[in-house]
Amino acid sequence: MAVDLEMMAFLSAARAFHHEANVHEASGDVPGAIGALERLVRFPRPHPEAQVVEIDEVMADVRARLAELRLRSRDLAGASADIEAGLVYAPHRTYFRGLLLQVDGTIEERRFYLLADAGLRDEAEKAKARALERSEEAVSIHEDVIRRSLGLEGGQGR
Amino acid sequence: MKGDDPDRLPTAEELVAAERLRVAFEDPWTELEDVVLARALRLAWAPTGLERSVALRFGRRRMVAVAALAAVVGLALVTGFPGGGSVRQWRTSRSTEPLFEEKVVMRSDRIDRIAWARGADLRENRFTRWGVR
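Protein chains in written order, with the numbering used here: chain A, 865 to 1022; chain B, 17 to 149.
In case anyone wonders, no lab produced these hints; they're calculated from the structure.
Each hint should be verified, as a subset may be incorrect.
So, partial list: chain B residues that the calculated Cβ filter (under 7 Å) puts toward chain A [said to hold, decoys possible]: (1) 143; (2) 146; (3) 148.
20 Å max Cα-Cα, derived EDC-like pairs, lysine to aspartate or glutamate [unchecked claim]: (4) A:992 - A:973; (5) A:990 - A:1000; (6) A:992 - B:128; (7) A:992 - A:948; (8) A:992 - B:43; (9) A:990 - A:1007.
Please read these numbers as outputs of a predicted model, since none were measured by experiment.
The beta-carbon is built from N, C-alpha and C at its ideal position, and this holds for glycine as well.
Next up, chain B with everything else stripped away, as it sits in the complex (with noise of 0.2 Å):
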């Protein structure tokens, strides 16, 4: 888009795309990869079924291709995208009471279970450090 005024007259070409964009909208089978990622959100966000008719012609492989999107898509938007604004789930310090609902009968099964519970935070901490999702 060019300039920064609101208020101006879109250009011809910008006219053309979005008109472009808004048939692509309405073509179920559309290739457009703006369109298929905003559907992809979409469905990720708020899935819902297909006529029968449509899900036929749509094919199965397809289906999948779009499910499998939208599930890489709804989890980029929980861990972060890679290379922008990354969202990463640290594990943090806490409290350790919830370890302990139960009744522990040696006292160092105490701090077993700290330093387990922990170390499987540490553990998860490390893969995401080093990005592995």
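One chain only, chain A, in its complex shape (with noise of 0.2 Å):
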């Protein structure tokens, strides 16, 4: 897939909806900042048939920025649902899906927390194990991720 204008295009737009997170998320306006990542979520993507790996980068990474944004508003099943969506984009063992998992991990802590708090034990328990599962599988992800870069390992993506 050659770089064209409309993927440029995308880009600088992906760009340009960060940077509005960021002065959100600078001024304590969590909500504001996760506006600016959907409206990113729901832009028009350039070659919907073609597969575009910066774009699929973008949109692993967003849905990472946004879970951890709803899981400061604790929107907890929110943020899980962005992880979801953002697993699709990193089909791979690359060091998106290691963040996405990395996060996911911080999500089922919490959940952890809450249901321990509000006596669900089981629920809890279930949770516990969640998070301690999806930690260990980003930490995996990530050692892959540098022993590939040491030469050590063969593998795809970064």
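Put the complex together from the two separate chains, hints included.
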């Protein structure tokens, strides 16, 4: 897929949305930051028939950031939905998949605390198990990313 | 310019071109590309006001165009011109101490802040690598 104006337009818009989110976040306006990034998620994607690695990475990354922001807003269900949506764009063992799983681990950790505080022991234990599982998966992927960069293992993506 | 001898006399063509450039610099409405660019560079470095009569004659549309060109050139001076000697503004590794000016409640908050801050830097670096200005 050759780099063209439409692809650059998308990337430039993505950068603008992230900076809008930065401005909102810096002033403590988390809903505003979420709103800016949701516009990026809904932004028209050029070349929908083709796989564009850069766009997939942007989509995986923005879903991870959205999930973190929703976690700060105590919207755990929304955060988990963002992770699931983001993983579609990061099917391989890349940094972006590792990032999404790491954020998912923190979501499950928060879920564990909330369920435990509510006295829902069984549900809390399940969340705890998921938190550990997701975190370990993230660590494993990030280890692969680093090992590949050191030439210790083959593989694709960074 | 022909030859490398700084003491040689200018050619007739060079004299004509120089005179055309001098006249163009005196003409506030010139369309000569080199003059427009030079003025844009000067305005980007040291913006100046226009006399009211000149401003009125200059016209709002052209002023907007020159201001936009000045902004683009000014930005290019910082980020590098396309295709030549690009000076990219990479976010580099540095101390995380400024991230912890206030009290941090949980230990994991420290790494959360580091990862968040450097994640934003990574995002910027990727956009820069892709050539998004």
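Tested hints:
1. 143: With a minimum Cβ separation of about 5 Å from chain A (threshold 7 Å), the hint on residue 143 (chain B) holds.
2. 146: At about 6 Å, which falls below the 7 Å cut-off, the nearest Cβ of chain A leaves the hint on residue 146 (chain B) intact, so it holds.
3. 148: Where the cut-off is 7 Å and the nearest Cβ of chain A is about 5 Å from residue 148 (chain B), the hint holds.
4. A:992 - A:973: 6 Å, holds
5. A:990 - A:1000: 15 Å, holds
6. A:992 - B:128: Measuring from Cα to Cα gives roughly 19 Å; hence the hint holds.
7. A:992 - A:948: 18 Å, holds
8. A:992 - B:43: It is violated: about 75 Å lies between the C-alpha atoms, which goes past 20 Å.
9. A:990 - A:1007: 26 Å, violated
Checked against the numbered hints listed earlier, the structure breaks hints 8, 9; every other hint is satisfied.
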